[in-house]
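Letter by letter, the chains look like this.
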Amino acid sequence: MYCVLALLLAFAVSSTSTSATGSYAEDRALIEDLQARYMFALDFGDVDAYLSTFTEDGVLDVGDGEIKGHDAIKKAISGMPDRRAAQASGDATKLRPPTGRHNISNIVIKVDGNKALGRAYWFHYGNNNPQRSATFDSYGHYEDEMVKVKGKWLFSKRRIYNENRDKWAAKGVNPAW
Amino acid sequence: MYCVLALLLAFAVSSTSTSATGSYAEDRALIEDLQARYMFALDFGDVDAYLSTFTEDGVLDVGDGEIKGHDAIKKAISGMPDRRAAQASGDATKLRPPTGRHNISNIVIKVDGNKALGRAYWFHYGNNNPQRSATFDSYGHYEDEMVKVKGKWLFSKRRIYNENRDKWAAKGVNPAW
Amino acid sequence: MYCVLALLLAFAVSSTSTSATGSYAEDRALIEDLQARYMFALDFGDVDAYLSTFTEDGVLDVGDGEIKGHDAIKKAISGMPDRRAAQASGDATKLRPPTGRHNISNIVIKVDGNKALGRAYWFHYGNNNPQRSATFDSYGHYEDEMVKVKGKWLFSKRRIYNENRDKWAAKGVNPAW
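Protein chains in written order, with my numbering: chain A, 1 to 177; chain D, 1 to 177; chain R, 1 to 177.
No lab work stands behind these hints, which were simulated from the structure alone. Just so it is clear, CB atoms sit at the ideal spot from N, CA and C, and this is done for glycine as well. Errors might be hidden in some of the hints.
[As the list claims (entries may be wrong)] Per the computed footprint, the stretches of chain A lying under chain D, defined by three or more beta-carbons under 8 Å from a beta-carbon of chain D, are:
1. 23-35
2. 39-52
3. 103-116
4. 134-147
5. 160-169
Using the sequences and the accompanying hints, generate a full structural model.
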């Protein structure tokens, strides 16, 4: 018992953030994995995997207001795979279906016990053109709130900013403290 | 001894994955470093550093079948630096040699003792044009198997998917569980 | 006391690098956070946050020689936000101000006690055009030296290579060991 306490203290010293489980690195590693799985789920149209990255009452906000809870989020995003299929079937090129990929980078994370705040950039590229040529097309940033539930980090809120449109763009102040 | 066991247990609790060395964060950190060193080696034509990221009997598969072992991989990739030099020498612009850069993002990692599975995106940009202007040109994803040998994580298998060609593109199902 | 020593040894075994605070993962996590905060500060014109990523006598070198210390660095970069405002005000499109974003990837880190060496790629995209369309425009790499001061990792030196210009481009040899 003394031993585990010593361990927790040893880690806390090296970070400005503290964690109930003892290590900024451990929390950050799990959150990075969450962030990456979110992207795969989104781009490959895996609705269940996408929802599983949010708490049951989690909030998604793409800039048009809060979408709260798995059911509402599912409804909001369920067009994703269909849209892709429609795109493909309506495509006269007879090439493979187009693909698109969201990427996360510059991840800043503050951990406070079982809660965490995240800031990160995202950017997107795809090949939805007749040549299926790789094209960079959009970017923005995330402002996230996360919670640790039964040892797993989940999004309690993801707010997305998108520089492709006036109303969705960042407001200019550094969001990463 | 009790102490180390307590430590291992303390970490295991916070992760769905377990590790023989005690920490998902520690394994993930070492694997991220491996993934990054692979990229530098590839883009700077450092064949030895590239090979050193694979086990002796490691497999590379770019979509045309398995290339197994250091000798075979070396043969398969040894054209890299030469091709670059040839490109440069045949370049009438008299500019510096063109460069290209592979990047990894969205890294998902599952660790099970001394083995790990990885999924990640890759994308590439370069300036192989008369203006040496930075151009985004290709992307895909990795499906990796890694093993820990004497404290070092290495690729035992790297399977590359590339969205620039029909036969090398992903098959549509979310590869990241 | 024995307990903490056992912990430090347990971690050291799994990494080629050692750390005074016991964990490669912990140091790497804090350094990744530093690297990400640097980017937010740079792109959002937050001079104080930018300077706070360097030691007091830290060195920035973008390829034209060393800029040493907070005052000199502040002078060198203080044009950033102003330039952005000027750009925006001189912009006849009446669109929102243009934005640009630097990203870091492929981070390789070697830790030795309270010192660390870093190698990483950077790339930049933005929308400084009349359509505010997302455009990929430049890339290069970083060669960093970092030190841990009172539990916080800081840049003691950041050397930037930029592939957009002959004199700032990498010299061809793999910088990541």
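Do the hints match the structure? See the list:
1. 23-35: Answer holds; 10 residues pass the 8 Å Cβ test.
2. 39-52: Per the Cβ count (7), the hint holds.
3. 103-116: holds (count 3)
4. 134-147: holds (count 3)
5. 160-169: Not satisfied, violated; 0 residues make the cut.
Going through the hint list in order, the structure does not satisfy hint 5, though it satisfies all others.
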